[in-house]
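As you go down the protein sequences, you meet chains A and B in turn.
End of the first sequence sits at 307 in my numbering; the numbers just go up one at a time, nothing left out.
End of the second sequence sits at 475 in my numbering; the numbers just go up one at a time, nothing left out.
Keep in mind that the hints are not guaranteed to be accurate.
Calculated pairs, BS3-like style, for lysine-lysine (alpha carbon to alpha carbon, straight line, at most 27 Å) [stated by the list, open to error]: (1) Lys247/A x Lys215/A; (2) Lys171/B x Lys17/B; (3) Lys53/B x Lys126/A; (4) Lys51/B x Lys126/A; (5) Lys169/B x Lys17/B; (6) Lys171/B x Lys215/A; (7) Lys401/B x Lys375/B; (8) Lys215/A x Lys322/B; (9) Lys169/B x Lys215/A.
Think of the hints as simulated: they come from the structure by calculation, not from any bench.
Predicted model only: the values in this text are computed from it and were never measured.
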Amino acid sequence: MQPFERLTAPACPLPYANIDTDQLIPARFMKRSRAEGYGGYLLYDMRFSSNGTEIADFPLNQVPYRNAQIIVARRNFGAGSSREAAVYALVDYGIRCVIAPSFGDIFASNSVNNGLLPAKVGERDGEALIGLLQETDAELTVDLEAQTITAKGISVPFAIDPVWRTKLLNGWDDIDITLSQADAIAHFREEDSLIRPWVTPRKRDGAGQTTM
Amino acid sequence: MAESPSGPRTLFDKLWDSHAIVTREDEQTLLWVDRHFVHEGSFHAFNKLKERGASVAHPELTFGIADHYVPTRRSGRSIDPAIQNMIDQLEHNTLENDVLLFGLSDPRQGIVHVVGPEQGLTLPGLLIVCGDSHTSTHGAFGAWGFGIGASEVAHVLMTQTLWQRKPKRMRITVDGTLALGIGAKDIALSIIARIGADGAQGHAVEYAGSAVRSLSMEGRLTLCNLSIEAGARCGMVAPDDTTIAYLRDRPFAPAGDDFMRAAEDWLRLQNDDDAEFDREIALNGSEIAPVVTWGVSPEDALPITMAVPDPESISDPGKAAQVRDALAYMDLRPGQKLTEVPIDRVFIGSCTNSRIEDLRAAAQVLSGRKAKVPGLVSPGSSLVKRQAEAEGLHRIFKEAGLEWVESGCSMCVGMNGDVAQPGERCASTTNRNFKGRQGPGTRTHLMSPAMVAAAAVTGSLADVRPLIEERS
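Isolated chain A (complex conformation) (with noise of 0.2 Å):
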């Protein structure tokens, strides 16, 4: 996984609240393979009216936000759906770090484990910093080290888990390190079995049917 350290791109404005996963990639795209990239399917039905042609004065589809690689949206963003899709979608597009007062857990958990970053922002900077974007089409520094967000004459601090902080500074994937566990997790399998024996299913054959 490509490590996050700082980045200096353009960032668009999405001044929306409780923008789901739903949004970010609708269900119907989901078949698709991956292999395809999901990039242009982000915000589907935000982006394209019915017949296909982009909504102009959504922000996404203006000059001087086209090419970002940063979001910055109002609170609950990525609630809904577990669905690791919207994150493909969104680093797929291009993007590498959302900004927003808060997010969905499932969906800010699964962007680190695709080394895009979630960075948390007080309410009132998250308005200071939209309404910079829609006056002046800038550019934002995001530092992952110092946890700070930059742009003309304004810098804003950002919260994330640390551990997450370290991932997505490292490029690091779960589960090597989980493999190293091994003997712990035996070890812990071979304590657990006799404290809960109760949780081995009963019963793993295809055939039989139960009675409600």
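Starting from the known structure of chain A, arrange chain B on it as the hints suggest.
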């Protein structure tokens, strides 16, 4: 095993402690996963396994269920090849990894969050994950269930573990007696309206109080299901006699003496006296009225007796803009009475409200009445369908003019062919009223099964209470 903290513990603390394998200095904890459910969307995760040349570490704890993409009109119809491909991939991936599959033709097939409990795969004290946000449902049994993304699904497939940081603990207490016609859906939507769609972010929720205690397992499943719509990853109800009675004789649950011993352990899964929560919320159950949503987030919910909010009277400009945008999408007027909102279609189903009790509640209202709009009734599992048919509920739905179809996620997810038409307004027992959730340009109003039935016979959003009172 990781060391338990001293002092009184909550139910959630106990679940956390019993699954903690190691805790790092940075407080990340590696947790053991007791059950892992995979559905058609798991193909991304299985592809990651293939890339690594890995296989499923614990197939005996992994269960496949076809639900998201399955067509609900199955007999004699050809299936869309792209949808068939999703079902085939799941079949292939589970077969290749020796994972038991409840596939399309299995008599036990259904929605994962209905089948798990029904089969006794969901038990108190278990940590249950699935690549689906409504995995919170399983908390109804005093289990710890939460939704995960594809990378995490791959991690669980390969290791049967997950790294997590301990969430904060929130208790939501609902005391009092629910009025006639009020159910778990009304409680849940009232909570979400009160604390917001992100109100419980970062928290593990426990539901308590006499109104929660009085709910059946079906009701508790509905309540815990909607935890994610308040932003909580999980929600739970401590086990009691209702829980134990439900689990007895379920196919995958322990049997005989094993069941007795397990039940003793399960009933001990309670908060210690003086255990503390990071946040407490209380609602008066006797004040809860039938609730409907008017906007595009589950937090946009109001009692049916109220009117559509007016953005002009909202002082916070951000919130006012949000309401204005929602009303434009939903094609509603500020101040319009909710009972004066006409509907085009109804849907009864989904992991939120498709269990036998939900179908009975809707049928009670529909019996001897005609629906003024078309609609679909999709039972939560093939076994629920069979039971409903044994009780004659299917005849009530059909005689009312609704379509009685097979089990699946159906009109809740907009990915299996069951959708509303653009611009249509649907009264729905589902969990998300997001823009386009039931198909591009569709408008969804969330409510209980009884309230959907009331909307069906009225042709508009309606208060179910007079319709029930006429009957009693």
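_lysine 53/B paired with lysine 126/A [C-alpha distance capped at 27 Å]_ = Answer holds: lysine 53/B to lysine 126/A is near 19 Å, not above 27 Å.
_lysine 247/A paired with lysine 215/A [C-alpha distance capped at 27 Å]_ = The hint holds at about 20 Å.
*asked:* For a C-alpha distance cap of 27 Å, please report whether lysine 51/B and lysine 126/A respect it.
replied: holds (16 Å)
_Satisfaction of hint between lysine 17/B and lysine 169/B, Cα-Cα up to 27 Å_ = holds (12 Å)
*27 Å Cα cutoff - pair lysine 171/B, lysine 215/A*: At roughly 18 Å apart (the allowed maximum being 27 Å), lysine 215/A and lysine 171/B satisfy the hint.
*Is lysine 215/A within 27 Å of lysine 322/B, Cα to Cα?*
Between lysine 215/A and lysine 322/B the Cα gap is close to 19 Å, so the pair holds against 27 Å.
*Quickly compare the C-alpha distance for lysine 169/B and lysine 215/A to 27 Å and report which way the hint goes.*
Since the Cα atoms of lysine 169/B and lysine 215/A sit roughly 19 Å apart, the hinted pair holds (cutoff 27 Å).
_lysine 171/B and lysine 17/B were given as a pair; does the straight-line alpha-carbon distance stay at or below 27 Å?_
holds (14 Å)
*For the pair we were handed, lysine 401/B and lysine 375/B, check the Cα-Cα distance against 27 Å.*
holds (13 Å)
When each numbered hint is compared with the structure, no violation occurs for any of them.
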